[in-house]
Structure formats: C-alpha cells, structure tokens
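Here is how the chains run, residue by residue.
Protein chains: 2
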Amino acid sequence: METVSENKCFGGVQGVYSHTSVATGTEMTFGLFLPEADGPVPVLFYLSGLTCTHENAMVKAGAQACAAAAGIAVVFPDTSPRGDGVADDEAYDLGQGAGFYVDATKAPWAPHFSMQSYVLDDLSTLLFERFPLTPDAQAITGHSMGGHGALTLAAKSPGRFRSVSAFSPICNPTESDWGQKQFTAYLGSVEAGRAHDASLLAAGGALDLPVLTDTGTADQFGPLLRTEALASALAGNPRAEVRMQDGYDHSYFFVSTFMADHVAFHATHLA
Amino acid sequence: METVSENKCFGGVQGVYSHTSVATGTEMTFGLFLPEADGPVPVLFYLSGLTCTHENAMVKAGAQACAAAAGIAVVFPDTSPRGDGVADDEAYDLGQGAGFYVDATKAPWAPHFSMQSYVLDDLSTLLFERFPLTPDAQAITGHSMGGHGALTLAAKSPGRFRSVSAFSPICNPTESDWGQKQFTAYLGSVEAGRAHDASLLAAGGALDLPVLTDTGTADQFGPLLRTEALASALAGNPRAEVRMQDGYDHSYFFVSTFMADHVAFHATHLA
Chain D
1 METVSENKCF
11 GGVQGVYSHT
21 SVATGTEMTF
31 GLFLPEADGP
41 VPVLFYLSGL
51 TCTHENAMVK
61 AGAQACAAAA
71 GIAVVFPDTS
81 PRGDGVADDE
91 AYDLGQGAGF
101 YVDATKAPWA
111 PHFSMQSYVL
121 DDLSTLLFER
131 FPLTPDAQAI
141 TGHSMGGHGA
151 LTLAAKSPGR
161 FRSVSAFSPI
171 CNPTESDWGQ
181 KQFTAYLGSV
191 EAGRAHDASL
201 LAAGGALDLP
211 VLTDTGTADQ
221 FGPLLRTEAL
231 ASALAGNPRA
241 EVRMQDGYDH
251 SYFFVSTFMA
261 DHVAFHATHL
271 A
Chain X
1 METVSENKCF
11 GGVQGVYSHT
21 SVATGTEMTF
31 GLFLPEADGP
41 VPVLFYLSGL
51 TCTHENAMVK
61 AGAQACAAAA
71 GIAVVFPDTS
81 PRGDGVADDE
91 AYDLGQGAGF
101 YVDATKAPWA
111 PHFSMQSYVL
121 DDLSTLLFER
131 FPLTPDAQAI
141 TGHSMGGHGA
151 LTLAAKSPGR
161 FRSVSAFSPI
171 CNPTESDWGQ
181 KQFTAYLGSV
191 EAGRAHDASL
201 LAAGGALDLP
211 VLTDTGTADQ
221 FGPLLRTEAL
231 ASALAGNPRA
241 EVRMQDGYDH
251 SYFFVSTFMA
261 DHVAFHATHL
271 A
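Line order of the protein sequences matches chains D and X. Once you know that position 190 of the first sequence is 190 in the numbering used here, the rest is easy, because the numbers rise by one and skip nothing. Once you know that position 11 of the second sequence is 11 in the numbering used here, the rest is easy, because the numbers rise by one and skip nothing.
Please note: incorrect hints may appear among the correct ones.
Chain copies aren't distinguished; within one or between two, either way the pair holds.
[Unchecked claim] No more than 25 Å apart at the CA atoms, straight line, and that leaves these computed lysine to any residue pairs for SDA-like:
id: 1; residue 1: Lys106; residue 2: Glu175
id: 2; residue 1: Lys60; residue 2: Ser18
id: 3; residue 1: Lys156; residue 2: Thr184
id: 4; residue 1: Lys60; residue 2: Gly71
id: 5; residue 1: Lys60; residue 2: Gly97
Keep in mind that the hints were calculated from the coordinates and are not lab data.
For reference, chain D alone in the conformation it holds in the complex (with noise of 0.2 Å):
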C-alpha cells in the first residue's frame, strides 16, 4: 500500500492510499478519512455513483465534519478499476467509473470488474490490517449506483453491517435502463442480475438490518432510479425508512444535506 496523500481534516486526517487489488489484478486508490481517536474506531463504506472516482464524494458530499464529530471513519473506494489494459466502453455508464458493484462473470470484464469482491473482500482486509478500524462496527452508504452498491452489499453479507443507507440509490435496476444494460454486459442478462437488485433483494427479507434512504421529488434521474419498488418492497418494515426529500434533485447539493442525517442514523448502531 502507498500513501499519495494525507491532509489533517476535522482534527484526524483524510488519507488517500493505492494498492494493487487481487479482486480485480489492478492498481486500486481509495481515499480514508480517520477521526481523531485513542484506539480503533467504527467505519462507514461510502459507494460512490456513475463516473465518480474515490475523490468526489470525499472532497464534496460533507462527510468529515459529521464523521468526526461521531468518531467515524469513512472510506471512500473508486468505483470500478481502471488503466490501460482495463475494458472500456465510451458510454459513461458502463465500464471505467460504472462497475455497479458485481463481480462480472463475461467478456470483455470478467478480468478485472470484480467490484463486489473488491469491496467487501479486498479492499475491507487491507484496511482492517492497516489502519485501527473496528471489524465489528461496520456501515455502508452510498449515493446513486452507490447506492445500489451499498443495498445489495448489505443484503448479501447478513450480519456484517449493523445499518445501510443511500442516497438517491438506483433501487430496482433490472427493471432500468440504469441496470438492464451493466447487468446484461457484466452477467450475461438481465435474469442475472435478480440477485443484485436491491428491491428483490428486499421483498425476499434479505434486507435485514437497519435501512435509510433519502431521494429527491426533484431528481432528476428519478424515473431510473425506481425508488416506489423499494418503498413497496420495505413497507411494514419497523426498521427501514424511504424518505422522499421535496424539491432535491440528484446532486451532492442533496447528499451534502442530509449527510448528517445518515451518520448520524449510522453512529446510533455502531455505538
């Protein structure tokens, strides 16, 4: 692992680090923010949406100084792998900066899109060697196809996490443009991609810990994002909550605000 850059933040200090991924035969960059403490401290996963690297939501979304002040870390992981011997596809929603968080079992990403087993294997083993993380204080998040990413992980890794939420989360993708098209490429077909869908997932019970989401009236991505199919399939749930936030569009004007509301939702079940 290298540092290529570590910035004091909020009193603790927002790092950013490369290695090489075993999951996915790549070069890997993640950033980590790590709040000012005695010992080993909770860690929230933040999945990141379409076209983002590891920097946005670490120098835009305001997790830090909420972060901090719970004693949190936050990780941010890029969100596909990348470089030159690496499938591309010149369309901003497949390939380099869209891996959707499956590892993909077809041409020409199967050597390297392994996203999923990045995530939760890979990635989570570095960190929980290298830096003073609690293994048993996990959370995830994530906005958009982050989102997704942060549901469907949550869903099949029962007990690992103690809450998930998103922002604006794609919600039912095998039933979207944003979905239909990765999962077909990535496994094969859409039929595939019913084990990621995070609605599915959800109306099977497999949804069971605690669940926030938040999504703009304003979105305007709403139509694809599907999020009345979660809504449906987590209602009656005493421990799930999708929220609809009037006149919030897609942004991270919108992640930004209700930042503090999610650590803070997140820091009741890592206590």
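With chain D fixed as given, assemble chain X onto it according to the hints.
Just chain X, lined up with the frame of chain D:
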C-alpha cells in the same frame, strides 16, 4: 443575468448565474447560496484562491451547512475575467484564474482585469438588485489569494463590511513571490502594490473592523503567505485574531474544518 443552475441545498438554493460585467467587459459567472428565509438576509462574500473559478469553494468548502444554520447568504465570485479575448499567461499565478482582486492599469491586463471594481461595485450592484440581500449586513472572507482579497477589499471599503476573515491569506504580497510578480504585471511596480498589501494596510490602521484569520502550521505555501507580517501589524488590536492551526495545510480540507468558526464569527457581527 442568466441562471446557469439552481440546486436545493440545506433548505435554501445554491445557484450559479452569469452576467455581463461593465468592470471587466466580459461575461462573469458567480455562485450564490441563499438560505431559506422570509425576507432579506445578510451576505458573506467568499473570494477564492489561485486557479479557482466560482465553483471550487462552492462545492468543497462546506459553507452552505453553516450559512443555512446562521441564515446568511454566501456569494462565490470568479477569480478573474475569462474568455478568448482576455489576456492570459501560461503560469498558474498570473492572468486568468489569478486576478489578485486589483484593478490592473498596465497592458495587456488593463482592459479586463478589474477584479476589485468587479467585486465591490459591479457584482454587488447586481446582487442587491436581484436577490433578497441586506446591503447593510455584509461581511467578507476568502482563501489564499482570496484571503488577500478579503483583507484588502475590507481595508479599502471603510464601513462597508461588518467583519472580515481569511483562510491561509497572502498577508504581505509586496514581500512575496505571490504578489511582487502580479503587482509588477498588473500595476507596473511592486511599489504600486503597497496599496493592496494587507499587512501594510493593517499597520496604517486601515483594517478597522473585526478580523479573524486561520493559517495551518503545515501550510506548504507558508513562506509565501508571510502570516507573521500580518500578526505583527495587528498585534495589540483587540478586534483582530491571527490564529495558527496545528498540523493543517493549504487545502480545502483545512478550509472546511474551520468554516463553521468563520461563519459563526461573521454571524455575530451581522446579527
């Protein structure tokens, strides 16, 4: 004036607008955060540093959270005129992105580089005409070159701003490579820059308002800032505080850390 974008943010609106400026003779773009309010609100000018546009602080400084809580608007001007017909230099610290908040008198800069007049007159006139802002409740802050701008524009506008603050300001540009080069280019001599040097203005008693500055002890540009000159000029002034912050550098991770302090400082004087 044209609306480039408006995003709901912390209950208010983060807007980006463009307009034709008489002062610069160009199209200028600025950001304005307006908190939710029933009537006119106080306004804080935030002047950015070298290489920045109106956008950097708007997305990275975390100002909206604090400003919304305090009921204060924040305006983010650009740092120079821009465009094809506007003079430029290949160096990052001269020309476009580096206006230094003075009115240039020398070729090739004089026709467009009038950032002092732009901020104090042209942009301000537009702001108070078009938005619900209170002209008698103004404050000013900035970062690096923008910290220099905030301190010097406050000193040159007695009675206009109720308070001034700065993050890692260039404090004594007539004695720094961040200043000597620009004053020579824009004004014809370092000597002419003495009227735009915060430490010299402060020593002459011109900073006659509440002052707060924060600079990191690990600032990679520390020697260029000459914070000690400003501290010396303001020593014994009961309304001025020149603070050093242990371990912080020049980045927005530093700015965002102390943004709440600065907004609270201004809110006290704007109330």
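Each hint, compared with the structure:
no. : hint            : verdict
1   : Lys106 x Glu175 : within (21 Å within a copy, 62 Å between copies)
2   : Lys60 x Ser18   : both (21 Å within a copy, 23 Å between copies)
3   : Lys156 x Thr184 : within (20 Å within a copy, 63 Å between copies)
4   : Lys60 x Gly71   : both (20 Å within a copy, 21 Å between copies)
5   : Lys60 x Gly97   : both (17 Å within a copy, 21 Å between copies)
This entry satisfies every hint, going by the numbered hints stated previously.
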